[in-house]
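Heads up: the protein sequence lines correspond to chains A and B, in order.
Under our numbering, read the first sequence as residues 2 to 374, first letter to last.
Under our numbering, read the second sequence as residues 2 to 374, first letter to last.
Simulated from the structure, these hints should not be mistaken for lab results.
All of these numbers come straight from a predicted model, not from anything done at the bench.
Hints may contain errors.
Remember, identical chains collapse to one label, so a pair may be satisfied in a single copy or spanning two.
Below, simulated BS3-like cross-link-like pairs (lysine-lysine); rule was C-alpha separation at most 27 Å, straight line [to be verified]:
hint, residue 1, residue 2
1, LYS233, LYS91
2, LYS233, LYS353
3, LYS91, LYS161
4, LYS140, LYS203
5, LYS203, LYS233
2 protein chains.
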Amino acid sequence: MLKDLRVYNTLSRNKELFEPLHPPFVGMYVCGPTVYGDIHLGNLRTFISFDVIYRYLMYLGYKVRYIRNITDVGHLENDSDDGEDKIARKAKLENIEPMEVVQRYTNGFHRELDKFNLLSPSIEPYATGHIQEQIQMIKELMDKGLAYETEGSVYFDVKKYSKDHHYGKLSGRVLDELITSERNLSGQEQKKNQVDFALWKKAEPEHIMQWDSPWSRGFPGWHLECSVMSTKYLGQTFDIHGGGLDLQFPHHECEIAQAVGVYEKEPVKYWIHTNMLTVNGQKMSKSLGNFLLPEQIVAGDHPLLKQAFSPMTIRFFVLQAHYRSTLDFSNEALVASRKGYLKLINGLKTIKSITYQAGDNPLNKKVLQQVEQ
Amino acid sequence: MLKDLRVYNTLSRNKELFEPLHPPFVGMYVCGPTVYGDIHLGNLRTFISFDVIYRYLMYLGYKVRYIRNITDVGHLENDSDDGEDKIARKAKLENIEPMEVVQRYTNGFHRELDKFNLLSPSIEPYATGHIQEQIQMIKELMDKGLAYETEGSVYFDVKKYSKDHHYGKLSGRVLDELITSERNLSGQEQKKNQVDFALWKKAEPEHIMQWDSPWSRGFPGWHLECSVMSTKYLGQTFDIHGGGLDLQFPHHECEIAQAVGVYEKEPVKYWIHTNMLTVNGQKMSKSLGNFLLPEQIVAGDHPLLKQAFSPMTIRFFVLQAHYRSTLDFSNEALVASRKGYLKLINGLKTIKSITYQAGDNPLNKKVLQQVEQ
Numbered sequence: 002m003l004k005d006l007r008v009y010n011t012l013s014r015n016k017e018l019f020e021p022l023h024p025p026f027v028g029m030y031v032c033g034p035t036v037y038g039d040i041h042l043g044n045l046r047t048f049i050s051f052d053v054i055y056r057y058l059m060y061l062g063y064k065v066r067y068i069r070n071i072t073d074v075g076h077l078e079n080d081s082d083d084g085e086d087k088i089a090r091k092a093k094l095e096n097i098e099p100m101e102v103v104q105r106y107t108n109g110f111h112r113e114l115d116k117f118n119l120l121s122p123s124i125e126p127y128a129t130g131h132i133q134e135q136i137q138m139i140k141e142l143m144d145k146g147l148a149y150e151t152e153g154s155v156y157f158d159v160k161k162y163s164k165d166h167h168y169g170k171l172s173g174r175v176l177d178e179l180i181t182s183e184r185n186l187s188g189q190e191q192k193k194n195q196v197d198f199a200l201w202k203k204a205e206p207e208h209i210m211q212w213d214s215p216w217s218r219g220f221p222g223w224h225l226e227c228s229v230m231s232t233k234y235l236g237q238t239f240d241i242h243g244g245g246l247d248l249q250f251p252h253h254e255c256e257i258a259q260a261v262g263v264y265e266k267e268p269v270k271y272w273i274h275t276n277m278l279t280v281n282g283q284k285m286s287k288s289l290g291n292f293l294l295p296e297q298i299v300a301g302d303h304p305l306l307k308q309a310f311s312p313m314t315i316r317f318f319v320l321q322a323h324y325r326s327t328l329d330f331s332n333e334a335l336v337a338s339r340k341g342y343l344k345l346i347n348g349l350k351t352i353k354s355i356t357y358q359a360g361d362n363p364l365n366k367k368v369l370q371q372v373e374q
Numbered sequence: 002m003l004k005d006l007r008v009y010n011t012l013s014r015n016k017e018l019f020e021p022l023h024p025p026f027v028g029m030y031v032c033g034p035t036v037y038g039d040i041h042l043g044n045l046r047t048f049i050s051f052d053v054i055y056r057y058l059m060y061l062g063y064k065v066r067y068i069r070n071i072t073d074v075g076h077l078e079n080d081s082d083d084g085e086d087k088i089a090r091k092a093k094l095e096n097i098e099p100m101e102v103v104q105r106y107t108n109g110f111h112r113e114l115d116k117f118n119l120l121s122p123s124i125e126p127y128a129t130g131h132i133q134e135q136i137q138m139i140k141e142l143m144d145k146g147l148a149y150e151t152e153g154s155v156y157f158d159v160k161k162y163s164k165d166h167h168y169g170k171l172s173g174r175v176l177d178e179l180i181t182s183e184r185n186l187s188g189q190e191q192k193k194n195q196v197d198f199a200l201w202k203k204a205e206p207e208h209i210m211q212w213d214s215p216w217s218r219g220f221p222g223w224h225l226e227c228s229v230m231s232t233k234y235l236g237q238t239f240d241i242h243g244g245g246l247d248l249q250f251p252h253h254e255c256e257i258a259q260a261v262g263v264y265e266k267e268p269v270k271y272w273i274h275t276n277m278l279t280v281n282g283q284k285m286s287k288s289l290g291n292f293l294l295p296e297q298i299v300a301g302d303h304p305l306l307k308q309a310f311s312p313m314t315i316r317f318f319v320l321q322a323h324y325r326s327t328l329d330f331s332n333e334a335l336v337a338s339r340k341g342y343l344k345l346i347n348g349l350k351t352i353k354s355i356t357y358q359a360g361d362n363p364l365n366k367k368v369l370q371q372v373e374q
């Protein structure tokens with residue numbers, strides 16, 4: 002290894018020396034998209050950040066198994082286990098099979114990421130490809146008394162879990178406050194407590210994505226797939242788990258609870274979260290309507306833009322801020338990135354064009370080697 | 002619809018008028034690759050052929066749901082249900098997780114197909130994404146008395162099936178001849194008859210891809226996935242099933258037996274098979290060592306080639322023969338295709354560059370419209 006690497010671990014809220022569990026191997030799991038629509042620039046920022054982390058770890062000499070999942074079932078419209086499945090809803094709107102929605106937006110996701118020069122992960126597993134393993138994990142949680150069934154749906158018992166474990170340690174949320182602050186929404190009355198989260202949801206007859214289970218024909222809860230797929234491909238404890246900051250709670254907090262509940266050990270050594278992309282200080286999101294699609298920037302086709310920008314300019318823009326800082330989007334910032342990127346590329350070209358003398362000193366040779374990489 | 006379409010149906014050995022079950026909808030299922038290696042030009046020919054069939058059906062006004070699967074488990078090294086799983090074997094050789102093999106070659110497959118301008122199918126389902134449904138279909142076959150378990154593996158009882166049904170009607174094979182000609186290979190002793198085929202295989206402990214089932218931890222037989230996924234996405238009877246000629250037997254014959262066994266109706270209205278690509282009259286195949294990868298042709302990097310050819314030239318070459326005829330590969334044939342392709346493209350350019358007068362006759366306008374498409 003070239004030198005010590007230090008990473009900020011959301012779990013400890015400290016910069017820690019990076020020491021993988023089984024060097025030179027590194028296992029990294031990053032939460033991928035729910036494929037019911039196009040990704041916006043904020044999503045892209047997360048994936049570019051982890052692309053650079055992936056590349057940097059390999060550059061340091063690690064052999065990285067990088068898992069980034071595709072969520073193709075179970076992600077409901079809001080975090081309180083009510084509302085429709087995002088993909089089933091889109092399928093109904095467009096009057097096609099849910100898996101056609103999945104195919105269309107998975108293809109689109111891959112096309113975007115290719116355009117921005119992201120490496121493919123080692124494995125890109127699908128939630129629907131691991132229904133059996135998810136049912137198995139629910140059974141194990143029930144055996145441990147940490148999950149209960151109500152009318153065909155199964156929920157994780159957060160209060161029971163918190164007797165022995167700290168629910169909220171990743172996100173800093175306090176359980177008592179969560180209990181009082183959670184709104185009483187439809188679909189909540191099956192739960193012992195409002196903070197409990199779904200592991201399995203019984204499907205309404207008209208719900209078009211459903212599978213057999215010991216409890217009902219239904220579908221798995223969103224948080225479960227990541228616990229199952231990270232365990233399957235990286236083991237019960239692995240090195241890095243990443244994702245956008247907005248996934249800290251409830252998604253990642255629930256992942257920890259599920260894994261600790263079954264395996265009685267911490268699933269992840271280093272939690273890495275990327276910060277938000279903002280537009281005039283406001284988080285970029287679909288619900289706020291202030292989002293830009295990467296293709297709009299490449300085409301220069303958006304009210305916020307005065308011109309088009311190349312994918313590499315956008316990538317450079319994204320990488321100018323540290324992944325843990327917010328990054329504010331504007332036409333001016335992209336213009337500045339364009340200048341910076343061209344300067345860098347022209348500098349590299351100049352260095353490459355210089356001919357070195359045979360007897361040149363070792364330092365120059367080293368510089369040249371680095372540039373060639 | 003523009004005009005009547007007639008297709009050769011392997012099942013009837015006749016050209017038939019194409020009348021979809023639920024016009025204007027058409028359901029088409031094509032067997033995709035087993036993702037344990039790069040596809041060669043022969044494989045590519047099959048997928049280009051079905052790409053043109055897909056486009057032509059849409060051009061005629063049909064709304065096509067086109068399913069092309071990815072085989073990521075269950076395809077053994079030979080057709081007699083012995084030998085290793087192709088993907089598990091590759092994973093062992095390369096010392097990586099089977100799903101890393103799947104990811105690598107699925108990515109490569111998509112990259113190749115993009116290069117040759119193939120449209121993405123509507124859904125691209127994975128065998129591992131349908132384990133539960135495959136187990137369900139085995140149960141139903143057992144309930145009907147058409148499948149039996151031996152030492153944790155489950156086989157389809159071909160002799161029993163043939164009492165009421167014609168096993169061999171697609172491929173023209175004769176059951177009695179099959180029984181005497183099948184070699185007695187290892188792994189066959191569990192079967193009542195040599196012609197029986199695996200629906201579920203118990204995994205050896207060292208086999209790295211395995212799932213729970215009522216019979217054993219194991220994996221599904223190769224033929225099963227296509228029956229399950231075509232039924233799930235296209236229904237118990239659908240319009241078109243396609244694939245390479247070499248899949249007629251045993252793969253497609255077994256698919257029919259499985260579907261007829263459970264649903265008691267024909268699964269497919271029109272069976273379409275593409276013929277082989279040959280090199281000096283010999284089938285192009287990996288085992289014969291006479292195969293070319295598409296990228297070798299694009300790079301001009303193969304002993305059989307004198308130069309490089311563009312993907313569009315290769316696509317044009319493939320489409321010069323009818324998909325039901327053999328197509329012989331040679332450097333000369335590609336040179337001729339290059340000429341033909343350039344002539345066509347230049348002709349199109351010329352037609353497009355002609356300016357039409359305002360008062361021009363309707364026929365010219367119609368020609369222009371067709372060219373614009």
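Going through the earlier hints one by one, which of them does the structure break, listed in rising order?
-> Of the numbered hints, 2, 3 do not hold.
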